[in-house]
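K.L.:
Heads up: the protein sequence lines correspond to chains P and V, in order.
Sequential numbering from 1 applies to the first sequence in the UniProt record's numbering.
Sequential numbering from 1 applies to the second sequence in the UniProt record's numbering.
One should not assume that every hint holds.
Unchecked claim - Just a few of them, taken from the derived set where beta-carbon distance is under 8 Å, the chain P residues facing chain V: (1) D22; (2) C45; (3) R115; (4) S116.
In short, the hints are calculated from the structure, not lab data.
In this text, a Cβ means the ideal position worked out from N, Cα and C, and glycines have one as well.
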Amino acid sequence: MTEACVGFTRVLRGAGLQCGPDRVQAFLAATEHVDLYWAGRLTLCADPDDLPRYDAAYRAYFGGTPPRPRTTVELDSMTVGVAASDVEVLKHKDISEFNAAPLIARLRPLPPRRRSRRLKKARRGRMDLARTVRAMIEVGGEITRPRHRRRGTKARRLVLLIDVSGSMAAYSDALLRFAHVVARAMPVEVRTVGTRLTRVTRQLRERDQERALRAVGRAIPDYEGGTRLGDTIRRFNQQWRQRGAVVVLFSDGWERGDPALLAAELARLRRTSHRVLWANPHAGKPGYRPVQRGVVAALPHVDRMIAGHSVHALEELLEEVRRA
Amino acid sequence: MDSPEELASGLDRAGYLPDGGVATAAFLAVRMGRPLFLEGEPGTGKTSLALALAKAMNVPLIRLQCHEGIDATQALYDWDYPRQLMHLRVLETRGEVDEASLYTRRFLLARPLLQALENAPCVLLVDEIDRADDEFEAFLLEVLSENAVSIPEFGEIRATTPPLTVLTSNRTREVHDALKRRCLYHWLEHPSLGREVAILRRTLPGLDERLAVKVAEAVHRMRGLDLLKPPGVAESLDWARALQALGHTEPDATTLGAVLKYREDADRVIGSTIVG
Numbered sequence: 001m002t003e004a005c006v007g008f009t010r011v012l013r014g015a016g017l018q019c020g021p022d023r024v025q026a027f028l029a030a031t032e033h034v035d036l037y038w039a040g041r042l043t044l045c046a047d048p049d050d051l052p053r054y055d056a057a058y059r060a061y062f063g064g065t066p067p068r069p070r071t072t073v074e075l076d077s078m079t080v081g082v083a084a085s086d087v088e089v090l091k092h093k094d095i096s097e098f099n100a101a102p103l104i105a106r107l108r109p110l111p112p113r114r115r116s117r118r119l120k121k122a123r124r125g126r127m128d129l130a131r132t133v134r135a136m137i138e139v140g141g142e143i144t145r146p147r148h149r150r151r152g153t154k155a156r157r158l159v160l161l162i163d164v165s166g167s168m169a170a171y172s173d174a175l176l177r178f179a180h181v182v183a184r185a186m187p188v189e190v191r192t193v194g195t196r197l198t199r200v201t202r203q204l205r206e207r208d209q210e211r212a213l214r215a216v217g218r219a220i221p222d223y224e225g226g227t228r229l230g231d232t233i234r235r236f237n238q239q240w241r242q243r244g245a246v247v248v249l250f251s252d253g254w255e256r257g258d259p260a261l262l263a264a265e266l267a268r269l270r271r272t273s274h275r276v277l278w279a280n281p282h283a284g285k286p287g288y289r290p291v292q293r294g295v296v297a298a299l300p301h302v303d304r305m306i307a308g309h310s311v312h313a314l315e316e317l318l319e320e321v322r323r324a
Numbered sequence: 001m002d003s004p005e006e007l008a009s010g011l012d013r014a015g016y017l018p019d020g021g022v023a024t025a026a027f028l029a030v031r032m033g034r035p036l037f038l039e040g041e042p043g044t045g046k047t048s049l050a051l052a053l054a055k056a057m058n059v060p061l062i063r064l065q066c067h068e069g070i071d072a073t074q075a076l077y078d079w080d081y082p083r084q085l086m087h088l089r090v091l092e093t094r095g096e097v098d099e100a101s102l103y104t105r106r107f108l109l110a111r112p113l114l115q116a117l118e119n120a121p122c123v124l125l126v127d128e129i130d131r132a133d134d135e136f137e138a139f140l141l142e143v144l145s146e147n148a149v150s151i152p153e154f155g156e157i158r159a160t161t162p163p164l165t166v167l168t169s170n171r172t173r174e175v176h177d178a179l180k181r182r183c184l185y186h187w188l189e190h191p192s193l194g195r196e197v198a199i200l201r202r203t204l205p206g207l208d209e210r211l212a213v214k215v216a217e218a219v220h221r222m223r224g225l226d227l228l229k230p231p232g233v234a235e236s237l238d239w240a241r242a243l244q245a246l247g248h249t250e251p252d253a254t255t256l257g258a259v260l261k262y263r264e265d266a267d268r269v270i271g272s273t274i275v276g
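Sequences and hints are given; from them, build the entire structure.
P.N.:
This is the structure we're talking about:
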């Protein structure tokens, strides 16, 4: 029985659940108290996203039906060395036209900051009664100089929404690599949008970029499909309840759904966010005019539209995010 | 308590109607002495489960409401500085300054976590952990895994029996995996139609059964409309209460304010066929 259970956790790990040794141990201990299904569900899942995967794996492993095959997307994993003198030229080149991964890997993102409610030691600010009294006790109750504390700053949450629909195909790989670099540097929430909304934050936490991107590829069911931005942003608005984040939407705005819905959902997103930035790969190109239906509908509801087509543009975007 | 079913009937007597999953989760938490991490839509009964557990097990409930910036002095303990200073002055007049006497239990103010460790067995509710900062999470993790705190000036305080800890989160941010790993995880869904009718009738004695069914049905259909704020159980209770008070026999548009908290949502529901 124990062996079967351990085998099951291996299957779950393959399905993307975090079944570390301590979780497996808890699972085995739990089977002594409750039935197998619940023992596993309560100890091995950690997120609502895990539940359907758990159910599927459970049916497959203990019920005999094989797990449904997942579509895998192999993303470009070639890396090329770049000579320093070429870097400046390449920085301005459209990332759909060359392998920008090495340049993107060199970006050093910094998080946007906001005031925190947490009080820290400081030279000025509110009086810190605890430290002041402790100092007084140290000198036997004599009055000493008062100690202070004040509010510090804290990294503001960043959300990246990356359009992986067909029209963005040439950019998706580079943008996901960009997301990986950002995810290594600061707390960030990453979702892909297209016809569906897929959370890839966890996959991007993997240190190794190639492995992270392969995991992302496996997670995205609608790679190079159509675009229903309005729908997917609505889903995002429903799921994500955190206020005050900086949200960056990477998309070309080729919306096939209802533009009015897109406008309404972006308006809602903007009300709950600190800033909504739209990075549009076409916006940086000469002669670009925002005339696509989706873009026209969305533009009034974003704080800024910025270019998102070159490494240089991504650098500027990071600067914009940092100052947000 | 020997089975999830037994715990379920205990919760039922305490006024909480659990489904099988909740009862199993709570039962396992008691059995394994592990904290229970509850997530789910607002209004699915996360907090009230903790209240009911305390009642069902006949132990005190100690509640820690999390908020941004919460720190150890608000959650765990603090020293009573004014009293310490006074004590110091008294000692001084007698000419016997003894620093150790300042850091004794009587100058220690127990905040919820310390209270829970000192008063166990009890239910410790750490409500809305997603509102606290990650520094606080790390600190909480330490207390939960040791069931003890060590106070540098004083020494260690250890719980004789670990408190049954219930953590709730509305998922406004992701809670660190290290904390979740210490806990049993359960996702709470809105109750089924039948269970919601039962909850309404259980909580509001004298509520007409037909009205209870109609309210529950209407609320269920609203949850399917993908509203900005889908109504929770608390809202269906409010609605039923309002209709009952007004002597109405049908859910209607005039009382929608009890269920829906956004104008857009109300417009949407009025545009549907859910209420007349």
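K.L.:
For every hint, state whether the structure bears it out.
P.N.:
So, going through the hints one by one against the coordinates:
With its C-beta approaching chain V no nearer than about 6 Å, P/D22 sits inside the 8 Å limit, and its interface hint holds. Interface restraint check for P/C45: the shortest CB-CB distance to chain V comes to about 5 Å, inside 8 Å, so the restraint holds. Of the supplied interface hints, the one on P/R115 is violated, with its beta-carbon coming no nearer than about 10 Å to a beta-carbon of chain V, more than 8 Å. Of the supplied interface hints, the one on P/S116 holds, with its beta-carbon coming within about 7 Å of a beta-carbon of chain V, less than 8 Å.
In this structure, the one hint that does not hold is number 3.
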